[in-house]
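**Q** This is what each chain is made of:
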Amino acid sequence: MNLIEVDNVSFAYTEGVPVLKNVTFSLNNGSVAIIGQNGSGKTTLVKLLKALLKPISGDIFINGINTKETTAAKLARTVGLVFQNPNDQIFKNKVLDEVMFGPLNIGQSMEEARENAIKALETVSLVDKKEENPYDLSLSERKLVSIASILSMDTDIVILDEPTIAQDYLGKAKIRSIVHELVQRGKLVITITHDMDFVGECFQRVIVLSEGQLLLDGPAREVFSKEDVLRSANLEPPYVAQLSKTTGYQGVLLSVEEFVAYYRSAMEDWERRS
Amino acid sequence: MKAVVVENLKYRYPSTERLALSGVSFEVEQGEFIGIIGKNLAGKSTLCEALVGLVPHFYKGAYGGRVVVDDVEVLSSSVSELARHIGIVFQNPFTQITAAKLTVYEEVAFGLENLGFQREEMVKRIDYVLKLLGLYAYKDRNPFELSGGQMQRLAIASIIAMKPSIIVLDEPTSQLDPLGSEEVFKAVQSLSKEGITIIMVEQKMEKIAQYADKIILMHEGHLVDFGTPEEVFSRPDLESYGVEPPVFTSIAKKLGIKDNNTGLYPVTLEQMRRLMIGEPHRS
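Chains A and B, in that order, are what the protein sequence lines are. Under my numbering, the first residue of the first sequence is numbered 430, with each subsequent residue one higher. Under my numbering, the first residue of the second sequence is numbered 27, with each subsequent residue one higher.
If you're looking for bench data, these hints aren't it; they were derived computationally from the structure. One or more of the hints may lead you astray.
[Unchecked claim] In silico lysine-lysine, DSSO-like type, Cα no more than 27 Å apart, as pairs:
1) K219/B - K233/B
2) K230/B - K674/A
3) K219/B - K603/A
4) K280/B - K674/A
5) K219/B - K674/A
[Said to hold, decoys possible] Pairwise CB distance ranges (calculated):
6) F170/B - A441/A: 16 to 22 Å
7) G282/B - E665/A: 23 to 29 Å
8) F120/B - N451/A: 27 to 33 Å
9) V105/B - L599/A: 32 to 38 Å
10) H609/A - N286/B: 35 to 41 Å
11) L599/A - S51/B: 24 to 30 Å
12) G49/B - K655/A: 49 to 55 Å
13) N286/B - K655/A: 34 to 40 Å
14) G160/B - R701/A: 48 to 54 Å
15) N458/A - Q215/B: 41 to 47 Å
[Claimed, not checked] Just so you have them, the derived chain A footprint on chain B, three or more residues with Cβ under 8 Å:
16) 171 to 179
17) 194 to 203
18) 251 to 262
19) 294 to 301
Beta carbons are placed, not taken as given, at the ideal position from N, Cα and C, and that holds for glycine.
Go ahead and model the full structure; you've got the sequences and the hints to work with.
**A** Right, dumping it as structure tokens:
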């Protein structure tokens, strides 16, 4: 059984204006980025996975349960969604209360919830801010609080909607390490993002949506090698991949480290031959 | 005439202890495209607010030093008076677009109506800015039916219509997809070519390196550096200010690929390509 099974799903907010058209894929643990232009259906897809919306046709199974036969509240133990804008998510006036809310809501005891909340705050390095009002924190820290409030529920699936927006270098590095840690712990991490270099560095699999249809689905390296298809969806490969192409490299390099290693060995080769 | 003169600017928000800006000084020439970078709470947005007069006129607080934009002293001018010289575009177009108007055309007209322009002049200006920003085809659309990139361009158009000689943009592309960001950068670049001075806060280092003439690096309220993108991103201590250089510069630093004439690292794909292709593939 797959953790997520999306079977021929279509959706429309208004009749006759489809937002998703016959989308099919399945997901298990690991990391997946869903990319596509604004309006390509990414956020709608995520809302369907969270059972906030139900497919018009086709089915979505989360852990074998059809989302049409369950509720977002029941799914909360399995699927955690971090909103794009933390201000849409945060409503308590103390960081710790905010992060404890999820665990309490899915039936954990006060003690358990507190323990899990502290652990989650440690993961995002905000444990020393636990007594503060989230709105006294910077937007970047608030985003990390909203991530912690999902981590504290320890769901099998964590969805991050545009996690790198408004993050500086340190915030981004923090988010990259959170993704790696979750994957190592056997979770399924799904992100929606426009940040292709973040995708290239952090995500194993990439799904490309264009005008409501699934355009590409495969390992990141394979998807980013299909430059023409990406361009048809108004997307570009990560900068590192673009750079590797200009050097005449045949494959696709996805991180600074990969590029540096490739270039060094190419230089050595060249020196040996000349 | 300098477009912007900032002299020893110090500022503290009301009921806070820390200086949000601490002894900031710099000068900007007419028509320059300036990028502002730095980590969160470096003072980037406060600096933008100080340029357009929201600091100190709206936020109050403790203020010292001097800001002059377009030959107008900020401290002794009202925000509305300053709006004729300097305009600001915020991060989120949703907060900027008035929602009081039903079409793109009327949205642009709104600011002009407030400034009391004659109808003929208004029509001329609105047509001009909608064409300049590639929005003329959408003039009868509801602003909230536009894409993110289009909406941000509308926010810019509404500011340009008031013909400020300086435009400040505070992370205008952070909510946009790659295409939308590119649209905004291209639009801003075309304004810059028309002689409008641009001051833009941005987190996308590859883009700001490509488009800006000079870059201001802020850290904890201080101006740490003010120079060309190559100069600022080549700093060996850049990461200690919470800033990652463009990915091309990171790679070049690791590989020691420099421009031998200047001793500086490349900051764009094109510069990187030029420096690399001279090396292993020449034989």
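**Q** Take the hints in turn and mark each one as holding or not.
**A** Comparing the hints with the structure gives:
Pair hint K219/B plus K233/B holds up; C-alpha atoms about 17 Å apart against a cutoff of 27 Å. Between the alpha carbons of K230/B and K674/A the distance comes to roughly 21 Å, so the proposed pair stays at or under 27 Å and holds. Pair hint K219/B plus K603/A does not hold up; C-alpha atoms about 38 Å apart against a cutoff of 27 Å. For the proposed pair K280/B and K674/A, the alpha carbon gap of about 19 Å is at most 27 Å, so the pair holds.
Restraint check for K219/B and K674/A: the C-alpha separation of about 31 Å exceeds 27 Å, so the hint is violated. A hinted range of 16 to 22 Å holds for the C-beta pair F170/B and A441/A, which are about 19 Å apart. At roughly 28 Å, the beta carbons of G282/B and E665/A sit within the given window of 23 to 29 Å. The hinted window of 27 to 33 Å between F120/B and N451/A holds, with their beta carbons roughly 32 Å apart.
About 33 Å separates the C-beta atoms of V105/B and L599/A, a value consistent with the hinted range of 32 to 38 Å. Roughly 38 Å separates the CB atoms of H609/A and N286/B, a value that falls within the hinted 35 to 41 Å. Between L599/A and S51/B, the C-beta spacing of about 27 Å keeps the proposed range 24 to 30 Å intact. Evaluation of the 49 to 55 Å hint for G49/B and K655/A yields a pass: the beta carbon distance comes to about 51 Å.
For N286/B and K655/A, the hinted distance range of 34 to 40 Å is satisfied, since their beta carbons lie about 37 Å from each other. Between G160/B and R701/A, the C-beta spacing of about 52 Å keeps the proposed range 48 to 54 Å intact. For N458/A and Q215/B, the Cβ-Cβ distance of about 44 Å falls inside the hinted range of 41 to 47 Å, so the restraint holds. Only when three residues or more bring their CB closer than 8 Å to a CB of chain A does the claim for the stretch 171 to 179 of chain B stand; here the count is 3, and the claim holds.
Here's how the stretch 194 to 203 of chain B fares: 5 of its residues keep a CB closer than 8 Å to some CB of chain A, so the rule of at least three is met and the hint holds. Three residues within the 8 Å Cβ limit are the bar, and the stretch 251 to 262 of chain B against chain A gives 0, so the coverage statement is violated. With 3 residues carrying a beta carbon less than 8 Å from a beta carbon of chain A, the stretch 294 to 301 of chain B meets the three-residue requirement, and the given coverage holds.
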